Amino acid sequence: MKEISKKTKQSLATYILVIAFYAVCEIWLKTGNMSSLMEGLLVPLCYYMILAVSLNIVVGISGELSLGHAGFMCVGAFTGAIFAVTAGANLPELLELVIAIFLGAAVSAVFGFLIGIPVLRLRGDYLAIVTLAFGEIIKNVINAIYLGVDSAGFHISIKDALSLNLAEDGTTIIKGAQGITGLPRNANFTIGIILLLISLFIIQNLINSRQGRAIMAIRDNRIAAESIGLSVSKYKMMAFVISAALAGVAGVLYAHNLSTLQATPKNFGYNMSIMILVFVVLGGIGNIKGSMIAAVILTILPEKLRFLSDYRMLIYAVVLIAMMLFNSAPKAIAFRERLMESINLKRNKNIKEEA
Amino acid sequence: MSEVNKTNTQNGKLLLDVDTLGISFGGLKAVDNFNLKISKGELYGLIGPNGAGKTTIFNLLTGVYKPDTGKILLDGVDITGKPTIEINKEGIARTFQNIRLFSDLPVIDNVKAALHNHYKYSLADAIFRTPKYFKTEKAMDEKAMEILKVFELDNAASYKASQLPYGRQRKLEIARAIATEPKLLLLDEPAAGMNPQETHELMDTIKFVRDNFNTTILLIEHDMKLVSGICEKLTVLNFGRVLKQGETYEVLHDPEVIKAYLGD
Numbered sequence: 000m001k002e003i004s005k006k007t008k009q010s011l012a013t014y015i016l017v018i019a020f021y022a023v024c025e026i027w028l029k030t031g032n033m034s035s036l037m038e039g040l041l042v043p044l045c046y047y048m049i050l051a052v053s054l055n056i057v058v059g060i061s062g063e064l065s066l067g068h069a070g071f072m073c074v075g076a077f078t079g080a081i082f083a084v085t086a087g088a089n090l091p092e093l094l095e096l097v098i099a100i101f102l103g104a105a106v107s108a109v110f111g112f113l114i115g116i117p118v119l120r121l122r123g124d125y126l127a128i129v130t131l132a133f134g135e136i137i138k139n140v141i142n143a144i145y146l147g148v149d150s151a152g153f154h155i156s157i158k159d160a161l162s163l164n165l166a167e168d169g170t171t172i173i174k175g176a177q178g179i180t181g182l183p184r185n186a187n188f189t190i191g192i193i194l195l196l197i198s199l200f201i202i203q204n205l206i207n208s209r210q211g212r213a214i215m216a217i218r219d220n221r222i223a224a225e226s227i228g229l230s231v232s233k234y235k236m237m238a239f240v241i242s243a244a245l246a247g248v249a250g251v252l253y254a255h256n257l258s259t260l261q262a263t264p265k266n267f268g269y270n271m272s273i274m275i276l277v278f279v280v281l282g283g284i285g286n287i288k289g290s291m292i293a294a295v296i297l298t299i300l301p302e303k304l305r306f307l308s309d310y311r312m313l314i315y316a317v318v319l320i321a322m323m324l325f326n327s328a329p330k331a332i333a334f335r336e337r338l339m340e341s342i343n344l345k346r347n348k349n350i351k352e353e354a
Numbered sequence: 000m001s002e003v004n005k006t007n008t009q010n011g012k013l014l015l016d017v018d019t020l021g022i023s024f025g026g027l028k029a030v031d032n033f034n035l036k037i038s039k040g041e042l043y044g045l046i047g048p049n050g051a052g053k054t055t056i057f058n059l060l061t062g063v064y065k066p067d068t069g070k071i072l073l074d075g076v077d078i079t080g081k082p083t084i085e086i087n088k089e090g091i092a093r094t095f096q097n098i099r100l101f102s103d104l105p106v107i108d109n110v111k112a113a114l115h116n117h118y119k120y121s122l123a124d125a126i127f128r129t130p131k132y133f134k135t136e137k138a139m140d141e142k143a144m145e146i147l148k149v150f151e152l153d154n155a156a157s158y159k160a161s162q163l164p165y166g167r168q169r170k171l172e173i174a175r176a177i178a179t180e181p182k183l184l185l186l187d188e189p190a191a192g193m194n195p196q197e198t199h200e201l202m203d204t205i206k207f208v209r210d211n212f213n214t215t216i217l218l219i220e221h222d223m224k225l226v227s228g229i230c231e232k233l234t235v236l237n238f239g240r241v242l243k244q245g246e247t248y249e250v251l252h253d254p255e256v257i258k259a260y261l262g263d
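For the record, the sequence lines run as chains C and B.
Just so you know, we're using numbering that gives the first Met the number 0 here: the first sequence kicks off at 0 and counts up by one.
Just so you know, we're using numbering that gives the first Met the number 0 here: the second sequence kicks off at 0 and counts up by one.
It should be emphasised that the hints constitute simulated quantities derived from the structure, not laboratory data.
Note that the structure is a prediction, hence the values are computed from the model and not measured.
Mixed in with the good hints there might be a few duds.
Keeping only pairs whose Cα atoms sit at most 27 angstroms apart, straight-line, the calculated BS3-like set for lysine-lysine is [claimed, not checked]:
1) C:Lys233 / B:Lys81
2) B:Lys119 / C:Lys5
3) B:Lys243 / B:Lys28
From the structure, some residues in chain C lie toward chain B, with a derived Cβ separation under 10 angstroms [as the list claims (entries may be wrong)]:
4) Lys5
5) Ile222
6) Ala223
Every residue gets a Cβ at the ideal spot worked out from N, C-alpha and C, and that includes glycine.
Given these sequences and hints, build the entire structure.
Structure, rendered in structure tokens:
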């Protein structure tokens with residue numbers, strides 16, 4: 000029983016951290032002290048945090064290296080955006096966003112499942128390379144697609160807008176590399192934080208469940224996990240699909256924060272996937288709180304360092320290395336473990352004394 | 000312990016029936032024409048020199064390898080060539096020669112992971128924290144602690160498995176296997192790397208497990224003190240073939256067996 004309360008405490012600490020972050024930002028914003036630059040970063044911070052914690056399911060909890068996370072974000076973004084400019088255009092803003100989020104999550108989950116079938120047969124470096132390729136394929140395919148709608152339904156082409164053969168009442172939704180225009184831009188910081196909290200709720204409850212235990216057992220020792228009757232393919236897939244669905248949610252948020260959505264190498268390319276991975280690695284693999292903090296620091300830092308102009312990336316790199324050392328150096332880990340042990344000892348003593 | 004001293008009325012009935020089992024790797028016949036009959040409640044030993052094919056037989060029994068020839072019946076059910084997960088569900092659990100724990104998980108979660116197929120709730124129950132989730136988790140915690148207590152691991156329940164000393168890791172592996180409620184428990188060199196004192200304790204634990212968890216045990220071991228001390232029957236394997244089978248005392252005093260172990 001003590002074990003449960005300890006885990007619950009850890010989860011609660013994460014929610015409280017997020018809510019505190021929200022409160023600080025809101026106060027900062029309301030008192031008018033926040034620069035417009037920072038204000039513009041609030042929603043991105045939310046989707047970066049969601050992306051980081053969702054990738055942590057695959058990398059930290061399931062122990063597989065995935066380099067295609069931006070691909071699922073891309074799927075979610077375009078699903079949400081298509082809905083926003085078609086069926087959702089006449090709905091109230093909030094309702095439109097909620098439905099778009101569910102749709103984005105669902106379609107990303109389906110893509111996660113389909114891609115997971117071949118990919119999860121691989122392990123280690125091979126899995127990483129193939130996910131990288133899938134991420135790029137998704138982005139490039141969307142870049143080439145023309146999608147239109149008229150009274151007869153959806154038309155799709157990979158040539159140009161004309162070959163859609165739309166009727167007179169038709170409109171083009173995706174214009175190839177030009178993407179989707181006329182988006183509602185109805186995402187805001189509050190919605191972002193709520194989505195982050197929901198993502199955290201899902202992830203932390205997953206970790207502390209029999210399903211999460213199975214996923215982590217398979218990560219730690221596949222052969223032993225099979226010997227006690229755990230289905231490796233089922234639970235690896237579960238982790239992969241949940242991770243993809245949450246990346247899709249981040250994508251919807253991303254799309255609803257823009258007026259024009261395009262699939263460029265910058266936003267959905269492998270650079271983005273690597274950046275999300277950097278959040279996870281720097282925050283400590285499997286460490287949910289850490290990956291969120293890393294996402295915040297590494298998103299704000301480059302902006303805050305602009306005044307250094309040419310030296311900006313130098314400082315950025317130094318911070319990366321410092322964070323890496325703090326989180327991953329054996330001596331730093333040993334130090335943290337000693338610290339935790341002494342705290343635990345003290346606590347156990349207190350409990351004994353109480354008893 | 001509710002199961003303590005429960006007399007097993009089914010003792011003596013045939014549990015495992017292995018018939019002409021064989022597998023070869025390339026040109027090498029690792030196991031050839033292997034037969035084995037184990038009755039319910041027995042404590043059976045599988046011994047033989049290094050490379051005789053003992054672990055290969057465990058891997059065949061648990062579905063890690065698919066046999067080229069032969070049949071494996073567990074409690075009358077044909078489990079030949081089934082995947083490991085299915086075989087575990089049919090009732091075979093094992094430990095490993097080189098310990099394979101879920102090293103980053105707490106000790107208690109190692110056991111709870113093994114309770115997976117006996118205590119169920121859906122993913123939705125888990126995410127929305129339904130009453131079923133709390134009820135099942137509580138039952139799992141209680142069951143896991145009950146098992147850990149038998150192996151004197153209950154005071155280390157919240158430690159990471161990798162933090163345990165070697166001897167206790169071995170015990171945890173047995174605890175984890177027992178948690179799947181196997182009809183047949185396979186122990187692969189449980190005493191490897193243990194000192195005489197630890198080995199002695201282990202012998203008591205193994206007997207206790209057999210008597211109180213309503214299971215049958217087949218073990219591989221090189222420690223002759225352990226084998227002669229607790230095994231009721233033995234099979235000696237040499238070069239993938241059965242050299243001798245029978246009561247422990249007779250087998251260990253057989254001239255052929257002594258020759259295989261000590262040479263001419």
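Tested hints:
The straight-line distance between the Cα atoms of Lys233 (chain C) and Lys81 (chain B) is roughly 17 angstroms, inside the 27 angstroms bound, and the hint therefore holds. Straight-line distance between C-alpha atoms of Lys119 (chain B) and Lys5 (chain C) comes to about 23 angstroms, which keeps the hinted pair within the 27 angstroms bound. About 18 angstroms separates the Cα atoms of Lys243 (chain B) and Lys28 (chain B), which keeps this hinted pair within 27 angstroms; it holds. Hint status for Lys5 (chain C) relative to chain B: holds, with the closest Cβ pair at about 8 angstroms, below 10 angstroms.
Look at Ile222 (chain C): its Cβ gets to within about 6 angstroms of chain B, closer than 10 angstroms, so that hint holds up. The interface hint given for Ala223 (chain C) is met, as the beta carbon of that residue sits about 4 angstroms from the closest beta carbon of chain B, less than 10 angstroms.
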